[in-house]
Amino acid sequence: MVELSATAVILIVCMVLFAQLLALIGKQERIADARQVALRTAANRLEGLLAKDFAELPLAGNTESPALELLELLPSAEMKVQVSAVESAAEQPAAKQIRVEITWLDAAGVRVPGVALSAWKHAEVAP
Amino acid sequence: MNGRQRRYRRGFSIIEVTVAVVTLSVLVSIAAVMFSSLLKSQRQFTLRERQRREFVRLDAMLRSDIHAATSAVIKEPDQCELTTPAGDTWRYEMQDDWLVRVYSRDDKQLQRESFFLRPGSQLTFKLAQAGARQLVEVQIHNEQPAGSMQSHHAGYLGQVLLGGGAVAAKEAQP
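Top line first, the protein sequences correspond to chains B and L. Throughout the first sequence, residue numbering follows this note's numbering, covering 10 to 136 in sequence. Throughout the second sequence, residue numbering follows this note's numbering, covering 216 to 389 in sequence.
For the record, the hints were derived by calculation from the structure and aren't laboratory data. Glycine included, C-beta positions come from ideal geometry on N, C-alpha and C. You may find that some hints are simply not true.
To give an idea of the interface, some chain L residues facing chain B are shown, with a C-beta separation under 7 Å as derived from the structure [unchecked claim]:
#, residue
1, Leu239
2, Val243
3, Ala247
4, Pro300
5, Lys341
6, Ala345
7, Gln374
Estimated spans, in silico, between C-beta atoms of each pair [stated by the list, open to error]:
#, chain 1, residue 1, chain 2, residue 2, range
8, L, Pro300, B, Arg44, 34 to 40 Å
9, B, Lys89, L, Ala246, 21 to 27 Å
10, L, Ser279, B, Arg44, 20 to 26 Å
11, B, Phe27, L, Thr261, 15 to 21 Å
Listing some non-contacts, in silico: residues in chain B with all C-beta distances to chain L over 12 Å [unchecked claim]:
#, residue
12, Thr16
13, Ala17
14, Leu20
15, Asn53
16, Arg54
17, Thr72
18, Glu96
19, Ala99
20, Thr112
21, Ala116
Same shape as in the complex, but just chain L (with noise of 0.2 Å):
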């Protein structure tokens, strides 16, 4: 009876099979692009975070450099020395993908850092004139290129008053 009842036993066709196997590689195929899209916009959230955190960092150490500077010099355009009469130097420049600034005091250098910058950033420091003052403008600017899928990334442009307050100024002047 039983061997009967395994003989008449329903079960499952080659179209159900084939069904089955279709909607399943189907479903596996959109899951994967599905993962492999989000792990893409992790890497690339992750990459705009930290430039983000990096030009925080960046705008309150360029300023305070700037405003306790006298002088600055603009040597290359990804290059400028930032001095005071007191000796102190402060130099910015780009090394490969990284902003660098080093401070020196009596030429002999005290604190060196680097500022993280997406791959393929450009540096641009330039003085602008402000009545009887000079402005150093920094610029850093990232072009995406053409039909990428990345989405807009703000750069960075800091406009800062050379000597800050007054009595630098006085000082900066010739």
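Same shape as in the complex, but just chain B (with noise of 0.2 Å):
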């Protein structure tokens, strides 16, 4: 009876072990994805952004509900996009920065800085 149950509690401890260990891969891999479909969403959104002319960028910040599949892997997601004046130099045309950030919440509900990518759009200047 004795020797029974050593036997059914290491047995149950190297499946509880097993299962933690295939959780943890699974979690990792879902991390792995996520960031990699935030990224290619923002660079997404940014190119749908410089697709604009330079006067139909409005120079504002706002906050977007990202792409559904990103959604689906990060809940949390928030996608903030960011339009703002650069100064430029004399000879140059005026530019603008178009900055999307895609940020998410963590295991702990954590805010954290996911990925972030820039752009900058400069006017058009007549020949």
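From the two separate chains plus the hints, produce the assembled complex.
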């Protein structure tokens, strides 16, 4: 009886450790996936903003809802888009900086800076 | 005396042996199931990891090509041809379970690369208007069969501005 109990305990401990290991691997994989999707989501948004004319880009900052694919992986994800004027050199055309940042809540419930991309758009100068 | 001791030495009863055999069988069965499940998980993990790396490589190359190109033609939903006025052409197409990229200049093939896609992946190219510019949208997704035990795996969605920089955009406009 003692041997059986010892065997059962060892087996249960092994199974629990194994399940924990699998859960940890799954979690790490999900984080890696989420970071990659967040990066692509930010890049896609940036491309969309770069498609606009210089004059159409309003100097503002707002929070948007990211793509559904990202929300599936990170329900707490938030995307901030900031367009700000940049001081240019005297001969250079006016410029605006576009910054897209995606943040999410980590396991401790703290909003962490996930990924951020920036691009600069210059005004078109007539030849 | 020794023979007498041997005769009376305590052995194992049939019940003890049966219990030991049953316990051992159960343990071996559980270990086999766990090992098999571990191997399966490892295979799936390797596959997903490979796909993730391929998406990173594809993303970098695709954005670079689309930014350099001035026109995009989607001949089939899974086939896209990007060209520049200088005669550079990048053709992306699905071949079996691979996404193939062929770079040619003046109709001479200079480079060919392939990107691994998980079996059952679907590739779709689309052109979307963004103001006066065009966005090339590339989507790769893999539908898991119903009841599949595989964990969720992110697909790929890339929206890239054709022509990238402002100079190329001018050339892209008709």
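Identify every previously stated hint that the structure contradicts and give their numbers, smallest first. Of the numbered hints given earlier, those the structure breaks are 1, 2, 3, 4, 5, 9, 12, 13, 14, 15 and 16, listed in rising order.
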